[in-house]
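Student: So the chains spell out like this:
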Amino acid sequence: MLILSRKAEEEIRLGENITVKVLSIHNGQVKLGIEAPRDVRVVRGELYAEIGQANLEASHADRDAAVKAAAGLIKPREKK
Amino acid sequence: MKFTNRQFGELEFDEDHVVTFQGGLIGFENHRKFLIVDDEGSEPFRWLVSLEDGNLSFPLLDPGLLLPGYAVDAATGGGKTVFVIASLRPGVESSTVNLRSPVVIDNATRSARQVVLDDEGLPLQFPLVPSAAPAAGR
Chain A
295 MLILSRKAEE EIRLGENITV KVLSIHNGQV KLGIEAPRDV RVVRGELYAE IGQANLEASH
355 ADRDAAVKAA AGLIKPREKK
Chain B
4 MKFTNRQFGE LEFDEDHVVT FQGGLIGFEN HRKFLIVDDE GSEPFRWLVS LEDGNLSFPL
64 LDPGLLLPGY AVDAATGGGK TVFVIASLRP GVESSTVNLR SPVVIDNATR SARQVVLDDE
124 GLPLQFPLVP SAAPAAGR
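Here the protein sequences come in this chain order: A and B. In terms of the working numbering, the first sequence is residues 295 to 374. In terms of the working numbering, the second sequence is residues 4 to 141.
Isolated chain B (complex conformation) (with noise of 0.2 Å):
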């Protein structure tokens, strides 16, 4: 199958790699067909593109790149895959990614979520990089 993104172009892929949201991602309900999309340059995101709006693409980090202790309870068991979204702004000390709200796909039958934790304390705006400037002055 094939498919062209703005950002990636012509896209060719199996089917059984699409990943399915059946509730889509938050604000984004009418999305349930994605494709993660490995791209060199911009390692080590990768990207949560939509397989219906070809302007559409998420970029997204494994957690444990940034924080080795982070759990998800619909992942526990085993055979699933967790993402965190990143927001990407100019200047990556004010990018951030959602630690709230991350994205699990079910490996064997690629069905995903956007979970909502009840941990209060994780942020939704989590920087990307640990703030270096205000410390430095001191």
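In isolation and in its complexed conformation, chain A is listed as follows (with noise of 0.2 Å):
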């Protein structure tokens, strides 16, 4: 792992087109800016591994658990 020293205002660049600034330091609270082009995803790292489990446990579902599913889907909303 590299380690960096930052300040306030000052930056970190990541490849040609990727910019990360540190905004402010409050109460061990670090803002930061990201600049990345679209395609990039940028997302908290404990939301990431909370979508990647969900991902891991839509992956389990079979297609039976679906045909039940599907049934359960449509009854419930055509009764309101």
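Don't take every hint at face value.
Stated by the list, open to error - Here are the simulated lysine-lysine pairs, DSSO-like style, with alpha carbons at most 30 Å apart:
1. A:301 / A:325
2. B:36 / B:83
3. A:362 / B:36
4. B:5 / B:36
5. A:315 / B:5
6. B:5 / A:362
7. B:5 / B:83
Stated by the list, open to error - Some residues of chain A that are not near chain B, with every Cβ distance over 10 Å (derived):
8. 295
9. 298
10. 303
11. 306
12. 311
13. 312
14. 313
15. 321
16. 322
17. 323
18. 325
19. 347
20. 362
Think of the hints as simulated: they come from the structure by calculation, not from any bench. Yeah, the Cβ is synthetic: ideal placement off N, Cα and C, and Gly gets one too.
If you follow the hints, you should be able to join the two separate chains into one complex; please do so.
Tutor: Here you go:
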């Protein structure tokens, strides 16, 4: 892991077109500004892990479960 | 072209139907090539089937079926199809869809991304059906 020290207002460049700027540091919280191309996904680390977990769970679905869910999905909504 | 999936058997498809995720799905970054499979028995679910791993498929739903107002910035301007990924658990009541990070497919190029929406109010686990049970007792 590369470790760099940066002060408020200072930046880090990642490759050609990604910039991470330290905007402010207050009470143990660092505010970062990130500029990146649209196709680069910028996500908080813990959210990324949660989405990965949701995807993993989704990947276990089998067709039979979907057939049952589909039946349940349609019926309760029709009643309302 | 042909590919065999554990659940759907042999799939025959044209190369221009292949959906490519440049960055993969989150947690599945090594899987790039997928096919959208329509399976009559499990409608309205559709399936995002990996063309690199015959064991891997994700159930998809049109978010408009659950939330008519659901909108995704990345899909504005048209020409894009948005799906949410479902987590199916035993019992439809405990099954959910991920509203926070939908899949956006460009209809023309078949390139796709799993985006992460900025709105922190969008749940990763949104119930597939409104939970009727707790309200019924009141």
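Student: Please list, smallest to largest, the hint numbers that this structure does not respect.
Tutor: 5, 19 and 20
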